[in-house]
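Enquirer: Chain by chain, the residues:
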Amino acid sequence: MYSFEIGRPSTVADAVAALGKDEAQALGGGQTLIPTLKQRLASPETLVSLTGIAEMKGVCAEDGALSIGGGTNHATVAAEASAYPALAALAGGIGDPAVRNRGTIGGSLANNDPAACYPSAALASGATIVTNTREIAADDFFDGLFTTALEEGEIITSVRFPVPEAAAYMKFEQPASRFAMVGVFVAKYADGVRVAVTGGSEDGVFRWSAAEDALSANFSAEALDGVSVDADGMITDLHGSAAYRAHLIGVMTKRAVAAAQ
Amino acid sequence: MVEVTLKVNGKSVTKSVKGNTLMTEFLRDELRLTGTHVGCDTSQCGACVIHVNGEAVKGCTMFAAEADGAEVATIEGMASPDGTLSVIQQAFQDHHGLQCGFCTPGMVMSAAALLKDNPKPTEAEVRDYLEGNLCRCTGYHNIVKAIMAASGQDVSSIAAE
Amino acid sequence: MPKDHGIGASPKRREDVRFLTGAGNYTDDINVYGQAYVHFLRSDVAHGKITKIDTSAAADMPGVVRIFTGADFEGVGSIPCGWQVTDLHGEPMKEPAHPVLAQGKVRHVGDPIAAIVADSLEEARNAAEAIELDIEELPAVVDMKAALADGSALVHDDLGDNLCYEWGFVEDNRAAVDEAIKNAAHVTTLELRNNRLVANPMEPRVALGEYSRANDHSTLHTTSQNPHVIRLLMGAFVLGIPEHKLTVIAPDVGGGFGTKIFHYAEEAFVTFASKACNRPVKWTASRSEAFMSDAHGRDHVTKIELALDADNNFTALRCDTYANMGAYLSTFASSVPTWLHGTLLAGNYKTPLVYTNVKAVFTNTVPVDAYRGAGRPEATFQIERVVDKAARELGVDPIALRRQNFISEFPYATPVAVEYDTGDYVATMDKLEEIADLSGFAARRAESEKNGKLRGLGVNCYIEACGIAPSNLVGQLGARAGLYDAATVRVNATGSISVMVGAHSHGQGHETAFPQVVAEMLGIDESMVEIVHGDTSKVPFGMGTYGSRSLAVCGSAMVRATEKIINKAKKIAAHLMEASDADIELKDGQFSVAGTDKSVAWGDVTLAAYVPHNYPLEDIEPGLEETAFYDPANFTYPSGAYACEVELDPDTGKVTIERFSAADDFGNVVNPMIVEGQVHGGIGQGVGQALLENAAYDENGQLLSASYMDYAMPRADDLPFYTVDHSCQTPCTHNPLGVKGCGEAGAIGSPPSVINAVIDAMQSGGFKVDHMDMPASPGRVWAAMHG
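Chains as they are written, first to last, in my numbering: chain A, 1 to 261; chain B, 1001 to 1161; chain C, 2001 to 2787.
Be aware that one or more of the hints could be misleading.
Which residues of chain C face chain B? A few of them, derived with a C-beta cut under 8 angstroms, are [claimed, not checked]:
hint : residue
1    : Tyr2026
2    : Met2202
3    : Glu2203
4    : Pro2251
5    : Val2253
6    : Phe2629
7    : His2680
8    : Asp2717
9    : His2734
10   : Pro2736
11   : Leu2737
Simulated from the structure, these hints should not be mistaken for lab results.
As the structure is a prediction and not an experimental result, all values here were calculated from the model.
Glycine is no exception: its CB is placed at the ideal position from the N, C-alpha and C atoms.
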């Protein structure tokens, strides 16, 4: 690692102030950033740890929505998001237990790894990403690989998920990293079904509109018969071809719908 | 440099650390607690698992500065002061749950965290919980068996032996 | 009743206490006063010419002690290869120079170019970034067949081509084998790749060099399976340090699996640099660095043909293999595809004619060398896959086809130059059918199918040659060292015993198992015996631990040394009891005179040896310490039969191991608990190779699976509980313990049964797939099923 200073503010305001300095970078749970720092792929002068900010932690159900503090770790979401079981299950399947005790929802969304789980939940739920300055709809938040609508120094303070009538997340793990080779989050709301896919696309998380249309008309796995994703634009790597990933998206979506019944 | 004060295995420690000092470096180099091992640099192998405020975390993926005020437990604190092994440690020895010993501290720390939350895990739950702990020697058979035995379950019917 | 002590008992491992309490002493746990740290600047291209390297700015960076480049190692020896293979024309293999730091060219991603010694690792890394380096990239040689084509780029320009050697075995059989294949009633042909693996012991490699000007002595602490071999290779061939001025210590080592046998550049570097800088120098590999600097394993591309007569008897087998050597010849690289592979191609079968052709090829990849099993897994995989394929083609039961062709009389001289001393392949197959409940498979398959899954059953046999030896034979075959081992039994005055052994324990439990043997021979308590290993200044000599040799070879030396102790102790006892040597009996730690009630205790005799007041000084020396070197008469031949049941999800291609059973014949067993643990671990690695692991390069020589993010290590939830059995025991006939070796069996015996099961599952679902290469990872299985 390069040398850097580390600060651990206890309020969002202090964190924002600290991030205003040159070459300052926010540190969530660090489960992605620290390995990146070890490879010297990032060289901040100051890291602003968000782990000491109590106001950014916690899960709270209110008015048909679930609000989760940006600094809430995956284990806490898994244990406390019982109002949104599919989301709790997703959180309980990220990484491994030790990673879940450190990694945070805000860190995961801000990083927008193309194979991360949380972006699919946020997108499929039409979640609202709340920062220190504004609220951003999930549809406007994700902007391709490792890129989001966040400005420099902007912190995700919480994420608000409208709780659906039914939902499920199905992940097919890449055998080495155990990240999603394909992960599909299906959420059924009164006004329609949303389907978001992570892991598959070269452009990161995306909504699968053909599946959404079919499932909004008929929320059953059979409704997806004949609906498929174009392999163009899907990832090909050591672990599978674009065609395989496109196929898996269909399989995982059907399984998610079946599980959400 | 930043000053941190924390409790390690019940003992209070105050040290000045660099911003980029990892918990593993702090424990191994500053405190000479070399039982916490480093087996990878991508947060996957779990040889470095320690407990911070009672939760299992990967010591290689946390900065020492972030542990200010925390209670940290490492493998060195698992046995009684008189050397008597903990139930989990003893089960690992009884069931040959280790060979080269390098992954063992992380395995024991993960097992302790599992049994705290789930005192009678099934085989599948043990295997699932160990997702972040790699062992290259045992094929996991005797590790899983040892953890189930440590939870008080009868493992005599498990294949082999 | 199982025994509670001695040979055949399973006492708890004594080494566990330190490992379980964090008190192990691994190399990275050792720090010495004043130590500096080295960071290696490694090539990020597979092949290139170094056109500029300027370290002057970097050398002025804070904390830098000194920066070394290839130029600093001119006049220093080349990293040697320990085995010279003679090709089919009678010529020696080509041996390229392997400098400690690259000179002129880089030949694989990870090839070290410069070494920065600094007060801290961070400062060394900072300085590395300030080195001005220009590399003119050259076309990378990656594919082995393309490497041998005219016009290929050359890994080593001075060699003229990329062929290390072409080996034929037994060359005299070649024409007869080809004739038999031509005239066969049926020939089954299979083309396959034995996937490249990275050994990945959980402890990355570490080396700490320490030089003392006071007595001109170098000490190297290193993560090695064989410290004496490192002392020999590094001292004699690379750095020119005589043995009495060089100590090599391998303390607790966190797994080896072959990849810690070899002498590596980093070991030579820290030893050299600690003298040059007059400071201790330490290197600790990161896992990412391990992926590009630890020798890899396997990587054979093979065509195998099995000929059968009209009655399904095997009549001939031919194997044509391309074996990847990587960019340089690692310590035992040349022996793996030849003597550790070609000699095993009879397998468990009485095939009368066998021929192997091996082309060893240089490529711009990390060197390839022995990994758990080394050559024997490759041989077993080919044979057991082609036999299974033959059974399918002929419509016969694969187990019946194997049984029909089993070798049944021993000793058996194979057509590939080795003689199996003992074995009972029918017995292990019978045992396997019992423990694997093969008769229940159909019902289990029906249950899987009810859940939308395909289920497959795969079975295979294996034979391996362990305890590699004898020295005069391996010398004729090209080994540049003897393959005996040594042990010194030092009986202390009060009767406790230190046994200095040349074997090295890095997970195998020698500290527990070896005392069981000595204690049983002497009739004393095991706690009185302690094993000392891993330090050339304490252990007289030894060849180390690999090839499942520790107990069969070093254990035999220990037995011989203990026999010498008993002989001498009996003379002392005879003197004390005024009897004849010939009448002395030793039982339960008591020496007695046959036919009398006279006896003296073990401790009385040992004390007399060191306090020789009443002692036959005119006949024997005081003291009680004996050394034995043991050179085996033959290899040992463990064998067995394995069965794997898989479930395959046809929608995703995901394969899960549902059952795994292993029936092994290891001859006599000293500690069943440890033996079973070794088999478990071997199966874990073998299943890893079959389902998960794959070290893949792209066409530019970039390693695609360069961390655990892409190299799939087996995890606890990838594997089931195994059923293992070692009750079939045909003792080895030529070593004193009758033991055969168990360390590699699981890794050798398990991959074919997994793939046989995967093929069986696919075929049961109507997919016309008769082979797929490992690993059977979901994406690859799905691709195989869907063309």
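Enquirer: All the hints need checking, so say for each whether the structure fits it.
Expert: Hints, one by one, checked against the model:
The restraint placing Tyr2026 of chain C at the interface with chain B holds, with a minimum CB-CB distance near 7 angstroms, inside the 8 angstroms limit. At a threshold of 8 angstroms, the smallest CB-CB gap from Met2202 of chain C to chain B is about 4 angstroms, leaving the interface hint in force. For Glu2203 of chain C, the interface hint holds, the least distance from its beta-carbon to any beta-carbon of chain B being 4 angstroms, beneath 8 angstroms. Against a cut-off of 8 angstroms between C-beta atoms, the interface hint on Pro2251 of chain C is violated, since the closest Cβ of chain B lies about 12 angstroms away.
For Val2253 of chain C, the shortest C-beta to C-beta distance to chain B is roughly 7 angstroms, which falls under 8 angstroms, so the interface hint holds. Restraint check, Phe2629 of chain C versus chain B: the minimum CB separation of about 28 angstroms is more than 8 angstroms; hint violated. Interface restraint check for His2680 of chain C: the shortest CB-CB distance to chain B comes to about 4 angstroms, inside 8 angstroms, so the restraint holds. Among the interface hints, the one on Asp2717 of chain C holds; its C-beta lies about 4 angstroms from the nearest C-beta in chain B, closer than the 8 angstroms criterion.
Because the closest C-beta pair between His2734 of chain C and chain B is about 28 angstroms apart, greater than 8 angstroms, the hint is violated. Checking Pro2736 of chain C against chain B: minimum C-beta separation of about 26 angstroms lies over 8 angstroms; hint violated. Because the closest C-beta pair between Leu2737 of chain C and chain B is about 21 angstroms apart, greater than 8 angstroms, the hint is violated.
Checked against the numbered hints above, the structure breaks hints 4, 6, 9, 10, 11 and satisfies the rest.
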